[in-house]
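Model the placement of chain B on the given structure of chain A, informed by the hints.
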Amino acid sequence: MAEHHHTEVSKTELLQRKLEIKQERKQHTISFVMMILLTIIAFYAIWSDKVPNTFAVLFILVLAIVQVFFQLYIWMHLSHKGHEFPILGIATGILCAAVTVAGIAAMIWTT
Amino acid sequence: MNLSERFTDTNIPEHPEKATLEGKNKFVGFWLFLGGETVLFATLFGTYLGLRHMHGTGPTAKELFQLPTVFLATMILLTSSLTSVYAILAMKQNKIRAMQGWFFITLLLGLAFLGLEIYEFNEYVHEGHTFTKSAFSSSFYTLVGFHGGHVLFGCLWLISLLVRNWSRGLNLYNAPKYYLFALYWHFVDVVWVFIFTVVYLMGKVG
Numbered sequence: 001m002a003e004h005h006h007t008e009v010s011k012t013e014l015l016q017r018k019l020e021i022k023q024e025r026k027q028h029t030i031s032f033v034m035m036i037l038l039t040i041i042a043f044y045a046i047w048s049d050k051v052p053n054t055f056a057v058l059f060i061l062v063l064a065i066v067q068v069f070f071q072l073y074i075w076m077h078l079s080h081k082g083h084e085f086p087i088l089g090i091a092t093g094i095l096c097a098a099v100t101v102a103g104i105a106a107m108i109w110t111t
Numbered sequence: 001m002n003l004s005e006r007f008t009d010t011n012i013p014e015h016p017e018k019a020t021l022e023g024k025n026k027f028v029g030f031w032l033f034l035g036g037e038t039v040l041f042a043t044l045f046g047t048y049l050g051l052r053h054m055h056g057t058g059p060t061a062k063e064l065f066q067l068p069t070v071f072l073a074t075m076i077l078l079t080s081s082l083t084s085v086y087a088i089l090a091m092k093q094n095k096i097r098a099m100q101g102w103f104f105i106t107l108l109l110g111l112a113f114l115g116l117e118i119y120e121f122n123e124y125v126h127e128g129h130t131f132t133k134s135a136f137s138s139s140f141y142t143l144v145g146f147h148g149g150h151v152l153f154g155c156l157w158l159i160s161l162l163v164r165n166w167s168r169g170l171n172l173y174n175a176p177k178y179y180l181f182a183l184y185w186h187f188v189d190v191v192w193v194f195i196f197t198v199v200y201l202m203g204k205v206g
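Chains as they are written, first to last, in the working numbering: chain A, 1 to 111; chain B, 1 to 206.
Hints are supplied without guarantee of correctness; some may be wrong.
As the list claims (entries may be wrong) - In silico lysine to any residue, SDA-like type, Cα no more than 25 Å apart, as pairs:
# : chain 1 : residue 1 : chain 2 : residue 2
1 : A       : 22        : B       : 37
2 : B       : 24        : B       : 37
3 : B       : 18        : A       : 19
4 : A       : 81        : B       : 22
5 : A       : 18        : B       : 14
6 : B       : 62        : A       : 54
Treat the hints as calculated values from the structure; they're not laboratory data. Note that the coordinates shown come from a computational prediction; the quantities given were computed from them, not determined experimentally.
The following block holds chain A by itself, in its conformation from the complex (with noise of 0.2 Å):
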């Protein structure tokens, strides 16, 4: 009981913690409903074929990309403290994998 005692904690950071957390949800709210608006978006920009081809690309691209944000840094928490590394693992993946992608592609491509 005496080392239960000891990780207690207090009543004001126990409330402080409860509105980090409606914060926290609200967060995840408004990030839901932005990334169900840019596919909708990026849906009907394609769907209705008012948008010229090769821009109609490009902008849904541009959407994904902003769609990825959303999911790492606030769905993944990555904008919070103590995600360096995280940061470093995921930033290189994501720079390898754009060099992937080209290399690959490119070399089918060519031949």
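Below, chain B without anything else, positioned relative to chain A:
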């Protein structure tokens, strides 16, 4: 605090997933793993991008894809990503039942997504778009199927997590496990955002 001791509302750490050394290591290690997974999917995306017009005698992407079905699948997966983040918020407040409930909804949505994908692939096969039909079809099934495999693995992972820890309560031992599952699930959703854009939407443009 003992590893298997149930958290109480007043002794739960602010970040239960990172309160032990093991939890911290799992957290960093899993992010590095996700970095590797990104490259793995990149190889499949690169191959698909290079081969997507080589449909031979088979149907083209434009003839094949049914955007409304895929749009529905996207919405389902996006919603399941939200419910898994709600589960993690409940975990941080030691609300085990709420967490299990949100994870259960996540699981149902994941299974619904898989059902739609199986239905979709079945339709395609009936239209002559089989795995060996063309370079386009092979690279399509490899990329999209590999993602579907990730969703299936995620569902099995979640089922075993929930069943194994159903009556245990939250503790230092299982909190990191739930947290990592949520990270994995978000990652699978990120990959899908790109599949939706690069494979399906761009397929319609040509």
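For a C-alpha distance cap of 25 Å, please report whether residue 62 of chain B and residue 54 of chain A respect it. Between residue 62 of chain B and residue 54 of chain A the Cα gap is close to 16 Å, so the pair holds against 25 Å.
Does the alpha-carbon distance linking residue 81 of chain A and residue 22 of chain B stay inside the 25 Å limit? holds (19 Å)
Is residue 24 of chain B within 25 Å of residue 37 of chain B, Cα to Cα? holds (20 Å)
CA of residue 22 of chain A to CA of residue 37 of chain B, is that 25 Å or under? Roughly 32 Å separates the two Cα atoms, so the pair is violated.
Verify the proposed pairing of residue 18 of chain B with residue 19 of chain A, using a straight-line Cα cut of 25 Å. holds (21 Å)
Hinted pair residue 18 of chain A and residue 14 of chain B, Cα distance within 25 Å: Holds, at about 10 Å.
Violated hint for the displayed structure: number 1, the only one.
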